[in-house]
Each structure stands twice: as structure tokens, then as C-alpha cells.
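**Student:** As you go down the protein sequences, you meet chains A and B in turn.
Here the numbering used here is used: the first residue of the first sequence is 1, the next is one more, and so on.
Here the numbering used here is used: the first residue of the second sequence is 1, the next is one more, and so on.
Source of the hints: derived by calculation from the structure; they are not laboratory data.
Keep in mind that this is a model prediction, so the values were computed, not measured.
Check each hint, because a few of them may be wrong.
[To be verified] With a straight-line Cα cutoff of 25 Å, these simulated SDA-like cross-link-like pairs (lysine to any residue) come out: (1) Lys75(B) <-> Leu43(B); (2) Lys157(B) <-> Gln199(B); (3) Lys150(B) <-> Thr11(A); (4) Lys39(A) <-> Gln199(B); (5) Lys124(B) <-> Leu147(B); (6) Lys46(B) <-> Ile44(A); (7) Lys39(A) <-> Lys124(B); (8) Lys39(A) <-> Glu117(B); (9) Lys161(B) <-> Gly126(B); (10) Lys39(A) <-> Arg64(A).
[Unchecked claim] Chain A is faced by these chain B residues, among others (derived, beta-carbon under 8 Å): (11) Asn57; (12) Phe73; (13) Phe116; (14) His120; (15) Lys124; (16) His131; (17) Leu142; (18) Lys145; (19) Met183; (20) Val187; (21) Tyr208.
For every residue, glycine included, the Cβ atom is placed at its ideal position computed from N, Cα and C.
This is what each chain is made of:
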Amino acid sequence: MSDRLDNRKITLEEVLRLKRAERPDPVFWAEFEQQLRAKQLAAIVERRPWWHLDLLRVSSGISRLRVPLGATAVLALTIVSVHQFRSSNSVSVLAVPGQEGVSSDEFVQADPVDLPLGASRSTSAYDGTAIVASNLPPKLTDTESTVPSPAAASGSGSNSMLLWLDEMSGDLGDRWAHHTSDLDVQFTGLRSSRLGLAESMPPPAHGFGSLRQDIRSDDLVEPLTQVTAPSEPRRARLAALVAPASLKSTSRASSPDRVRERMISRLSEDELYNSVSRLGVAKGGLRLSF
Amino acid sequence: MSMFAKALSKTLVASPERQLEADSDWTIVQRVQSGDVSAFDNLIRKYRERVYAVVYNMTSNREDAADLTQDAFIKAFQSIHRFQGQSSFFTWLYRIAVNGTLSHLRKNRLRTFFSFEKIHDEDKAGEIISHLTDKRGADRELFVKELQEKLNEALQKLSIKHRTVVTLFEIDGLSHEEIAEVMDCSVGTVRSRLHYAKQLLQSELQSYVRT
Chain A
1 MSDRLDNRKI TLEEVLRLKR AERPDPVFWA EFEQQLRAKQ LAAIVERRPW
51 WHLDLLRVSS GISRLRVPLG ATAVLALTIV SVHQFRSSNS VSVLAVPGQE
101 GVSSDEFVQA DPVDLPLGAS RSTSAYDGTA IVASNLPPKL TDTESTVPSP
151 AAASGSGSNS MLLWLDEMSG DLGDRWAHHT SDLDVQFTGL RSSRLGLAES
201 MPPPAHGFGS LRQDIRSDDL VEPLTQVTAP SEPRRARLAA LVAPASLKST
251 SRASSPDRVR ERMISRLSED ELYNSVSRLG VAKGGLRLSF
Chain B
1 MSMFAKALSK TLVASPERQL EADSDWTIVQ RVQSGDVSAF DNLIRKYRER
51 VYAVVYNMTS NREDAADLTQ DAFIKAFQSI HRFQGQSSFF TWLYRIAVNG
101 TLSHLRKNRL RTFFSFEKIH DEDKAGEIIS HLTDKRGADR ELFVKELQEK
151 LNEALQKLSI KHRTVVTLFE IDGLSHEEIA EVMDCSVGTV RSRLHYAKQL
201 LQSELQSYVR T
């Protein structure tokens, strides 16, 4: 073999060409044809399931409509995302008129009936938004409530309401917008009804009507004269907060003097306790600490 | 054949002989599509040896090759109504056969049995064998059998895709473009696979090959 190999160069291609010579006998093809005929007949006779045919039809249809379907999907996605973006923007815009609702809410919480008369009188136009809103015409109230007041910025009840609204915005933009608009409608209705009620009330010597008249007469006075000392509104606010609580907690029979006495006695008991805690027994002797 | 399909098949079919072949095949395919089922037998008789050779050289198992070739023809028959002449029929048939064989080889990666066809050592093959050995009679047959085993072992050491490229190019004689179409890859990929496969075969068969 080696002698022959030395005489002539045999390439890889020639060796691989030997594979072409690997052929089956003619008998093999006869058998092959018989088997193939049987398989072909089986394939013709065999009924394919209906879903297979339908799937073939659907897949061929989809492959034909691949580009239009893709374009439609992209378009739909774009529309949905733009819609989402717009709705989120509208929610953020709605947050500003939400302050109107805030002042209205404050209006509901700080009921003029519960407020002492002195407090309502001493409340300035900036500070007591609720009280002023209850007595001024709606147009003025709207203007005042849409512009952020210094009281709102200084962390009053309206600020907490804004925080609440911010929390709500994190959850659902659409629901928030819906609720805000609902609240606006409700508060506007409530405000108008309250104002209508105030208009229709007869003018008694002391009460709501006189308060309205007093404030209206104040409007005629120069604005600088309405500005009161900073301590007065604070005191009025505290009194407004304490008054309903004291009314609920104490009975009609107990007087403010009685409450004061109780507080004094509690203070004296605390002092006594502190003084006793400073005394102690140590090593068989009395210890006194200052 | 539609104008578009004709133009496309012209780009895919390399030689004029292949173009004539593709045209005659398209005529037969149209007959089958119109309901003449017996016309498909012409296509079977025309391509059975070539398809069988490709599958056999990929599997190195004559029984598997027979089954896979039959399956390829049945699949082609079942889906011939979807063939629109965008490529030549033989490329389409080759693709069915090669894909079926590749999936079969992937499924039975660990189970490989060899069963070889007899080498008909006349014409070119006899000439090559005569150059490789001067033995006669039984010794020559023994030598040929040994060479056949070495050759198939070397081919089986290639990956499935490399083996397919070598089979289609060196044994079946397809062009790079046709192989790229059959295997659904680029011509560059075909060339690189062929180069790598030849290097490996060269090292495996160096005792027989003198360059």
C-alpha cells in the first residue's frame, strides 16, 4: 500500500468521493418503493384532526399578515402609552385645584357653630380660610382658595389634606382624579348650601347672621386694620380646638373651674411623686437626692 | 411559474442544467397540486438516490437512512400544496430531508449504530482504491472495508452541521449557495464550516491522504 501511496498523491476530496460509491442494491429500491407507497397511502387515507388543519390555516394567515399585525400592535401600544401619559398629567394638574377642596374640608371641620364668637372675629382673611369662606360670596372664596395661602404653606389642616392627596396619587391616578372631581362637586354644593343657609337666616343679636354682618362691615374697613396680632389667631385656633373637646368630655354640670381644679390637683400630685422619688433608703439610712 | 418565483429560483439555482431541472420539476409539482397524485412518483424516482445518499452519509446507518428518506418524501407530498416555486423543488426537498435527519440525530445523539452500504468499486472509486492499494481479491475487499470504517468514523467525529456541509458539498456536489439555502444559513458560514471540517478530516485520515 505504501508503495502505491508514494507514487500518487491522494487528496481528501478523492477519499471522500469514495462515499459516493456507497450505494444500495437495486433490490433495496424495490423494497423502498413498496414501503413508501404504503406510507403514502396511509398519509392520503389518514384524516387529520380538524384543529390541525385549522391551525395550519391560521398560521399561514398570520404569517401573511405578520407586518400589518406588528404595525397595529405598535400603534395600539403607542396610543395606550400616550393615553396613560395624558391621564397622569391631568392628575397632576388636578392636584392644584385640590386646594379648593382642602379649604372646603376645613370649612366642614371647623364648624362655625362650634367656634367661639371671639375666635371667628379675630381670624384674619389669610388665616381663617374656613370662617371667611363661610361668609364671603362664592366668587371671592374660589379666588382665595385657588391661590395658596400662607396658612396653607405653614402646615395647617389644608397641608395635611395635600399630603393625603399626594399619597392617593401614588395609588391610582384615575381613581384619584375621579374622587377629586367628586369631592369638588360635593364641596361646591355644600358651600353653596351653607351660604344659602346663612343668607336665609334671620339676623339675631348674637350668632351666625351677626357674624356675617360684622365681617361684611369689616370688608368695608381698610384692609390693614383687619390685620391682627399674630398671637390672637393662634389663641383663637387653640380655643376652637379645645372648646368642642371640653364640651364632649365634661358633663353639662361640671364647670371650667372644676376642670382647672382637677388639673391643678394632678400637677400637685406629680410634684409630690417627684419629691417622694427623690427620697430613698440606702445602707440603713435615708437618702435624699436633689 | 410566476415571474417572481422564476426570477428568484434563477438566483438560487446555479447552473443552466439546474435551471432546466427546476423548470421541469415545477411542471410536475403543478400537476400534483392540481390533483394528479401519480405525478409525484416521477419526483420520487428522480430524487430518491440523491436524497438517500445525503441522509445515509449523515447518519451512517442504512436502515435509518431508508426510513428518513421515506419520511422526507411523505412530508413533501403532504405539504406540496404549500410549495409556491420560490426555490427549486430539489432544494425544498433537500431541506425537508436534512431538517428531518438533523432532528433525528439530535434525538438519538447517544445511540449511534453504523450499518454501511457496499462500496461499488468500479469507475472512479475503483481507480482511487487501486491507487491506495495494490492488493487483489479478499485482501483488497478487507482494505476497502477498513477504509470505509475509518472514513465513517472520521465523519462521525464531526458535529452534525459540519458533517451535513461536507456531505452536501463533497459527496452530493451542491454549491455553497445551495447548501446555504438548504441549511438556512449564510454562504460564509457554509465556507467556514467546510474549512473546519476538512481540517479535522485531514488529521483523522492522514494515513490515507498524501497531499
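**Student:** Which earlier hints can't be squared with this structure?
**Tutor:** 4, 7, 9, 10, 17, 18, 19, 20
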